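Here the structure of chain A is known, so what remains is to put chain B in place on it, guided by the hints.
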Amino acid sequence: MLAMNYRGPYRVRAEQKSDPVIEHPGDAIVRVTRSCICGSDLHLYHGLVPDTRVGTTFGHEFVGIVEEVGSGVQKLKVGDHVLVPFNVFCGSCFFCQRELYGNCHNTNPQASAVGGIYGYSHTAGGYDGGQAELVRVPMADVGPTIIPHDMDEDDAVLLTDALPTGYQAAEMGDISEGDTVVVFGAGPVGIFAAKSAWLLGAGRVIVVDHVEYRLDFVRRYAQCEVVNFREVDDMALHIKKMTDWMGADVCIDAVGCEAAGNAAQTLTGVYAMMQAGSATALHWAINSVRKGGNVSIVGVYGPTFNAIPIGNALNKGLTLRMNQASVKRHLPRLIEHIQAGRIDPKQIITHRVPLEEVADAYHIFSSKLDNCIKTVLIPPNQPQRRAVAATTLP
Amino acid sequence: MTDHHDHDHAHAHGHGDDKSQRNDLAVFQHGRPPVDRSAIKGWGADLDHKNRPGYPMERMPQRLDAPLTQPQPQARHVEVLVSPERPHMTPLFGSPQPPKGLSGMLRRAAFKTTENDIRHWLLLLLADRVNVVEGIGEDLARGHVPNVFAEMGIKAEWEHNRVGLVKKVAVTAAVAGVAYYLLKGRKER
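Here the protein sequences line up with chains A and B, keeping their order.
Residue numbers for the first sequence follow my numbering, beginning at 4 and rising by one.
Residue numbers for the second sequence follow my numbering, beginning at 198 and rising by one.
With the rest of the complex left out, here is chain A:
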């Protein structure tokens, strides 16, 4: 099969590799019809995630058609069109029984802090991902969800990670009616977090980034205010000025370990790797939220340590919540939102690229070329589907 193949930092290519096989009675093999490049894939692409082995296929956002099932699979059938949550999870461990599917304890032998994730290094279980023609899907009766007949495949693929993660980011902020919510990061997850904040009853939503075309998009897509941090002297001060010197009720870090905006953080976190990435967005979130406020973190950081103002968090009495999204528990409600027209995920897709051109796709997304927001990879020999309607934002 054709698959994306990691060769080292900033180097990927598409090439033939062996087809995946059933390795467990609960497995399925899924023929991928769409996969996405996620912002967190860029941390792998940039060589920042430990135990990312050469030859690995990335991709934890994918949908496809079930091609084969193991002897123990009872519900899923060959031919089912499924979306596959990015979490590899068992459904039966201590954490899964509490619906914490992103924290499954049965799918990742290599680390105890993180559950299994498709195509996200051996630190996340060593599974190959879906940027390929075929992918092995463990626990096939538990993870995959059959795509509703009336759902666009481009909406479905965004339900595997980006939308649930953005929604959960807002949800972990425990937003009350009328709250001011600041979202750091105008990537796909930040865009969905801003949109979700309204669903949860926010009174004001502000998105912070420095990439102008993304700020312009989120301003129209999520009907929110935007701030370009390159245009302000001090981010926390600016948010306080915007909020009568109180600070925001809720701050969301939707950036993670490659945040720009602070030279010391970038130097020590990204270039010198003296900490687990640049924690600029989290630093700003803690210092921009009001006393007693909530900080929600979905930006991905490395496993070592980061320099953040935890003393301020203590003195302000903050609540910090964070997690990998527990995709499966969010799907029914998010599918309702899509079907009711409250949210239209596919509008964020800007690029559709053949899998054969995966190297260019990664470079465009990583370098934010061509106004890229979200890239979908299309494996060869796909049936032609209807084009997505042109984005019609206000």
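The hints are simulated quantities; they were obtained by calculation from the structure and are not laboratory data.
It is possible that part of the hints are untrue.
As the list claims (entries may be wrong) - Below are the DSS-like pairs computed for lysine-lysine, each with C-alpha atoms no more than 30 Å apart in a straight line: (1) A/K319 to B/K247; (2) A/K20 to A/K80; (3) B/K238 to A/K20; (4) B/K364 to A/K371; (5) B/K247 to A/K294; (6) B/K247 to A/K20.
Fair warning: this is a prediction, and the values are worked out from it, not measured in the lab.
Chain B in isolation, oriented as in the chain A frame:
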């Protein structure tokens, strides 16, 4: 997964009475007029916690119809490293890219230390860099010269950032030229 959700929060339906109540609740915020909530599709649909799928954080019993028995162990055909912070192998794991070569030795050494030990992660990062060199060696050994520029997306750079690419090439050439000149001068002295 069972469908557990109730209907939208009443505020979200846009009925006349609900709408006026909603606007009454929309107080001036930080000196700014309230946003027009009716212009935001779905505003407040999940204001009620019972509509929030992640609430409470630890929810029991789970709504997913999943067997509560431990999965049977996956057969192990390749070497899989196990964190010392686990008592035993997990029933499920990924099997691609088992440890091998010098990078594999470094990874095995890393897994002698815990996740709590910084050496664990530094050794893994070192192994990753060694693995990149091994990857080039493997390519060459099978007669494939990796097209590093193509792998780095130079085609896209040329299409979408031609000026930037030219600048990068010019700067790289200038740095290389100066370095060559200095080295040549040192040899001649």
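Okay, the hints, checked on the actual structure:
no.: 1; hint: A/K319 to B/K247; result: holds (29 Å)
no.: 2; hint: A/K20 to A/K80; result: holds (25 Å)
no.: 3; hint: B/K238 to A/K20; result: violated (46 Å)
no.: 4; hint: B/K364 to A/K371; result: holds (17 Å)
no.: 5; hint: B/K247 to A/K294; result: holds (27 Å)
no.: 6; hint: B/K247 to A/K20; result: violated (47 Å)
Violated hints, listed in ascending order, are 3 and 6; each of the other numbered hints is respected by the structure.
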